[in-house]
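There are 2 protein chains.
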Amino acid sequence: MKEFFNVMNVQDVLALAEEFAPVGTEVVDILESAGRVLAEDIFSDMDLPDFSRSTMDGYAVQAASTFGATESAPAYMTVVGSIAMGETPAFSIRAGQAARISTGAMLPPGADGVVMIEHTACIDDGTIEVYRSIAPGQHVIEKGEDYRDGQPVLSKGTRIRPQETGLLAAFGKKSVRVFKKPVLGIISTGDEIVEIDKRPAVAQIRDINTYTLCAMAAESGAAAVTYGIVRDDYEALFAVCAGALEECDTILVSGGSSVGVRDFTIDVLSALPEAVILAHGISISPGKPTILARTGGKAFWGLPGHVVSAMIVYKMIVAHFIDRIAGVCLKKKKELRISAVLSRNISSVTGRVDYVRAKLTERDGVLTAEPILGKSGLIHTMVKADGLIEIGMNTEGLVKGEIVKVLPF
Amino acid sequence: MKEFFNVMNVQDVLALAEEFAPVGTEVVDILESAGRVLAEDIFSDMDLPDFSRSTMDGYAVQAASTFGATESAPAYMTVVGSIAMGETPAFSIRAGQAARISTGAMLPPGADGVVMIEHTACIDDGTIEVYRSIAPGQHVIEKGEDYRDGQPVLSKGTRIRPQETGLLAAFGKKSVRVFKKPVLGIISTGDEIVEIDKRPAVAQIRDINTYTLCAMAAESGAAAVTYGIVRDDYEALFAVCAGALEECDTILVSGGSSVGVRDFTIDVLSALPEAVILAHGISISPGKPTILARTGGKAFWGLPGHVVSAMIVYKMIVAHFIDRIAGVCLKKKKELRISAVLSRNISSVTGRVDYVRAKLTERDGVLTAEPILGKSGLIHTMVKADGLIEIGMNTEGLVKGEIVKVLPF
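Going down the list, the protein sequences come from chains A and B.
Quick note: the first sequence uses the numbering used here, first residue 1, plus one each step.
Quick note: the second sequence uses the numbering used here, first residue 1001, plus one each step.
Hints are computed from structural coordinates only; laboratory data are not their basis.
Small disclaimer: the values here were computed from a predicted structure and weren't measured.
Derived EDC-like pairs: lysine to aspartate or glutamate, alpha-carbon spacing no greater than 16 Å straight-line:
1. A:173 x B:1197
2. B:1405 x B:1335
3. A:334 x B:1362
4. A:405 x B:1362
5. B:1334 x A:370
6. A:180 x A:247
7. A:174 x A:29
Estimated spans, in silico, between C-beta atoms of each pair:
8. A:402 x B:1135: 25 to 35 Å
9. A:127 x B:1331: 54 to 64 Å
10. A:297 x B:1045: 37 to 47 Å
11. A:242 x B:1331: 44 to 54 Å
12. B:1366 x A:82: 47 to 57 Å
13. A:403 x B:1297: 38 to 48 Å
14. B:1331 x A:21: 40 to 50 Å
15. A:242 x B:1045: 33 to 43 Å
16. B:1045 x A:19: 44 to 54 Å
17. B:1349 x A:67: 21 to 31 Å
Note that the Cβ used here is the ideal one computed from N, Cα and C, for glycine as well.
Make the full structure from the sequences, and use the hints.
Below, the structure is given as structure tokens:
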């Protein structure tokens, strides 16, 4: 077993995600695909749309026939037919001719644009006046304008949003190959921790981390398996960890914040098959006493016991590793942060990244981020918060009135 | 039946959400609570924590005993015991005394702070040197510091994030009363629409809206029931709508973009029990031809057929109504938007709200929003987009270099 006892910086830890391989794949029905990660490249197998369609209710015409038409000098056109939805027109349009068309219907041959119904008037059964000129292509979606046959449309590693689901529907992908949901094993440790359905005795507290981490796993698109609370005992912890490794893709042990348990966690990790301790301490606050090991190709995390620390480490670091094994293309991932005006000074220590909880308030169109200070054992600071402000390694603090970026939480 | 044929502005439409009552409630296990909406107020039934805890590994002391201690002039203290996790200390601390304590363990009576282990050294079995002074309360979470007994902690109408799940765990709420998931009935109309597992003939396209709307319903925390594609026929549409109204809390009919079907939709809505057409046209683009009716106390939406229009109307308007019937406290809802620099001018029409799709790109720490122009029938414009830029009613356009707010999509 190889050990690195140095405290690593966040960027170096995040780069380790590449050392873990994505989980396997499965085929799911399109209705189950939302939020999943594509495990295949998708190509167009037809022009989309496969015919030129009107985008308005009106008349299909040759645009040139409308040139110069105005309210005072309308163009007169002969109505040669009407096009029903979903039908192929049996006639074509010549100069000076028009055909009644609905939004979504197919343009007849010869027509290259649509005059909106609002800009026409019926003179008699076979004649209309047109009050506006249109350009060729106006109010029309051309054949292949959305996607052309054979074009790549979605790539492996894309997380499927509603619009990607729609695209799969457009190309008739009733089912699609996606990465399986990574399975996270969640273990709480600590002799002071009791199950949530028990009333804690003096000096005890209920197990919060199992529940916050399960909920965060779900937000990551992962499945969670809970292993309950393990006492501060090497044999007990080893047995539960070894079992969880068989069943899960990643293990999160939280707690072990007492010196004794912290030692057990490192000892257990070291004793697991092919174990390498990759990080023992990360230069972030809160969350420094985080441990990352690799064992049997799987990531094994020792998270701090304080609820806020465990949540922040999950959000800022672990989630990135979960995305990696979930098959997400990390290069294309966009982490969107919200700009807000800082409501007060915050001091910070250089040489580590600080995450400060913040509440966002909008007044007169200005969004303000109000830092919520408080110890990392206090869950109310997370309940009041809307997100996190990141203060970089080389920054001594942030000044009131500065624009800060807030990561929604 | 009462009808209003006027085009309504967005604010007035959104205000109509209050006219619809929340769905019923149910009790779910805490592990199923993530993303649900609380249907009860939660009060603390104990101090959290119920005892004063150390937040560091070190020594519990009377802070006053450390005053003035430095590296060169350490304080010498007598170690009178060690406190195991989860146990009530059987001794108390007097001036000049210290007890070994781990993170999370209970402070002994008399102690009011903890000296970090890093700032101490063992002289012999019974004596330590302390190199730093601490303030009273330092490295301690006081009894009741997170929440006090009897305090309100979460209110009805709160959407449960991981931190709220953690709070429920802290107070032993193994199960919790939440609002049921609203059930959305999703109906596609149009003679040109075919099921996605069919190859469209010329002039036909596959049913995209059913799939995008199902995925968006899931994002809203709602359940979806699909009713497939209904032909452009009054009797057929009436039968499906009447059946869906029996089974669902809200109905979305998309399509009906051809004049004929649009008429059917209005006719069907008007013929449903206790029907009131609340909005017939909304001053937004895309999405103007949206219809909102109330029938039997339920919202019935006629959405545009164009995929982009239907998605934008869902996101900007329908989702607000879904939140309302899902029990969300709308006043507390925060809609977070991302600030970015606009990459080019966008023109817009006053008197309506425009939603422009935009791609976000970060370069050298500057986030740029690049408008994606394209017709509202083109799904690739949504696939390329990361969000929407809103251009207000009274704005003629936005200028390159301006800071715009982007709603992630």
